[in-house]
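> Given these sequences and hints, build the entire structure.
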Amino acid sequence: MNSLWNKFLSSGKVNDCPVIDIHCHMGPFYGSHMPYSSPDIMVKRMSLAGVNIVVFSHHYALLNPEEGNKISIEAVKKYPDKFRAYCAINPNYPDAMKKDIETFDRYYRDVYVGFKLLPDYHKYPLSGERYRGVFEYADSNGIMVLTHTWGGSVYDGATEIEKILKKYRKIKLLSGHSIHGDWEKAIEFVKRYENLYLELCAVLDERGILERFVEEAGAERILFGTDFPWFNHHYYIGALLGSSISEDNCRNILYKNSEKLLAL
Amino acid sequence: MNLEFFDVNVYVGKRIDDRYNISTSIEQLIQKMEALNIKKAVVYHILQRDGHPEPGNETLIKEILYRPELYGILTVLPFQTDEIKKFNFKELKDKKIVGFNFFPKKHNYLLNRATLGNFLSEIEDRCFPVFLDVMSGFSVGWNETYSLLDDFPKLVCILCNLGIWNTDRYTWPLLERFPNVYLESSFLSLNEGSLEETVKRFGAERIVFGSGYPERYMEASILQIVHSEIEEQEKRNIAYRNIERIIKDIKYE
Ligand SMILES: [Zn+2]
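Protein chains in written order, with this note's numbering: chain A, 1 to 264; chain B, 1001 to 1253.
Treat the hints with caution; some may be incorrect.
To be clear about the criterion: a stretch of chain B counts as covered by chain A if any three or more of its residues have a C-beta under 8 Å from a C-beta of chain A, and this derived list gives those stretches [stated by the list, open to error]:
1. 1016-1029
2. 1164-1171
3. 1182-1191
4. 1210-1216
5. 1222-1234
Residues from chain B that face chain A, not an exhaustive set, calculated with beta carbons under 10 Å [stated by the list, open to error]:
6. Ala1035
7. Leu1036
8. Ser1121
9. Asp1125
10. Leu1195
11. Glu1197
12. Glu1219
DSS-like, lysine-lysine: derived pairs with alpha carbons at most 27 Å apart [what the hints assert, rightly or not]:
13. B:Lys1014 with A:Lys185
14. B:Lys1200 with A:Lys44
15. A:Lys13 with B:Lys1032
16. B:Lys1039 with A:Lys7
Calculated from the structure, these hints are not laboratory results. The C-beta atom is built at its ideal place from N, Cα and C for all residues, glycine as well.
Put into structure tokens, the structure is as follows:
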């Protein structure tokens, strides 16, 4: 077992291993009790596990970007060292989306680091026409797009993802949940498309998948994400360290890969 | 802090599907436990679920017999079909059997008073814990769990594999109403704040440590509990003492 395990076990956090969580949220959610979802509590909880930065999309922003993205911006302004946000896109509201793309640049880097898409919940396919504006903007500027991806989904399953990967080669596409369940496709795609990244939320609650990802595709494009405040940082860090992958690869996943993406 | 653990949610044996090589033998399990300071575990054999309870139970009893760190759970079927023998409770002590589990969805029956009323009353009286899996799709859902507890309100019931999404809205009413309901910790640990908030409202006595191994990483649950925002005594109760007490209270005679 790698030495990071003993360090995290004894202290909870490790100074030279500052975690970056690339897939987070904020605020309450209809389907799940989330007692620690306010910005203040989130910052306090992050410190327990040495999580330096989380990149989030507020739940409200995913429902109603026009109002919700403002709340995300305020939270980042309150904790500029701890938070970065995704500009949430809901393709069912094209006017708000257009406005958000037009003003994205004003917030880029200090507040926003990319866009967040949630096709399964918005019931709109990734390759649909209404997303085109986001993808074209992100592609021409090399910007990150985190999208929810789930095996078998007609909105964001493997078929839809590949359509985007074939068309946009400069975008940094983060596959949230790594096409959950369709693990072999995730491996195939990350090998074939070098602008694809696999994100580990809901992957690490099953043993054996991460080991296979790393064995097949290396760890350079695998990112630590937890859906925090849905899920607990120590739980996921423990899972990662409990896998059989090397310390170097754990470090790549926990922060080094994301540091590069965020240009920190 | 040096926490010792007693894991209540583990199975051994070869899975019918094992694409990602997670099946675990008794030897591998014990090695893993030693590495992580897990002093004891309550286990079942996957044959009990995916094969048949009768040979499964026998295999389990044989495999744990000379392993002092392991205790077993037997799987129950409706006795009406005579596929499993009636249990001799007195003998179960020597066999280190400390509870029962049920896979009604997988095994195609209903876990209720009509099917297993006499047996459930008896284990309720004898304080034998039932380890009820609520998420896997093999066992029971929340409706059945609520009905079962309405019918057998004193049943010692350890709810395992609670669910990936936070289940406080399901579990807290049960903790409030039924004094012998306990929660296995692995998914409380996964869900941010769930362990701490459950302890705050119901006390650490109502949670028992479980890892979900070999399907989930033992290290995940351990790291969360060790660094959770609860008192050291509460951690010790969850990690080890609560299940030890539950086992001690079983009336075999
Ligand atoms: Zn998410």
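> All hints, please: hold or fail.
Hints, verified against the model:
Residues of the stretch 1016-1029 of chain B with a Cβ under 8 Å from some Cβ of chain A number 4, which satisfies the need for three, so the listed coverage holds. Coverage of a stretch by a chain is defined here by at least three residues with a beta carbon nearer than 8 Å to that chain's beta carbons; for the stretch 1164-1171 of chain B and chain A the count is 5, and the condition holds. Residues of the stretch 1182-1191 of chain B with a Cβ under 8 Å from some Cβ of chain A number 3, which satisfies the need for three, so the listed coverage holds. With 4 residues carrying a beta carbon less than 8 Å from a beta carbon of chain A, the stretch 1210-1216 of chain B meets the three-residue requirement, and the given coverage holds.
Requiring three or more residues with a Cβ within less than 8 Å of a Cβ of chain A, the coverage given for the stretch 1222-1234 of chain B holds, as 7 such residues are present. About 7 Å separates the beta-carbon of B:Ala1035 from the nearest beta-carbon of chain A, less than 10 Å, and the hint is met. The criterion of a C-beta within 10 Å of any C-beta in chain A is met by B:Leu1036, whose closest approach is roughly 9 Å, and the hint holds. Checking B:Ser1121 against chain A: minimum C-beta separation of about 34 Å lies over 10 Å; hint violated.
This hint is violated: B:Asp1125 has a C-beta 35 Å from the nearest C-beta of chain A, more than the 10 Å allowed. The criterion of a C-beta within 10 Å of any C-beta in chain A is met by B:Leu1195, whose closest approach is roughly 8 Å, and the hint holds. Of the supplied interface hints, the one on B:Glu1197 holds, with its beta-carbon coming within about 5 Å of a beta-carbon of chain A, less than 10 Å. Checking B:Glu1219 against chain A by beta carbon gives a least distance of about 3 Å; that is within 10 Å, so the hint holds.
Between B:Lys1014 and A:Lys185, the direct Cα distance comes to roughly 26 Å. Compliance with the 27 Å bound is thereby established for this hinted pair. Pair hint B:Lys1200 plus A:Lys44 holds up; C-alpha atoms about 18 Å apart against a cutoff of 27 Å. Proposed proximity of A:Lys13 and B:Lys1032 is supported: the alpha carbons are some 23 Å apart, at most 27 Å. With a C-alpha separation of about 21 Å, the suggested pairing of B:Lys1039 with A:Lys7 holds against the 27 Å cut-off.
In the structure shown, a violation is registered for the earlier hints numbered 8, 9, in ascending order.
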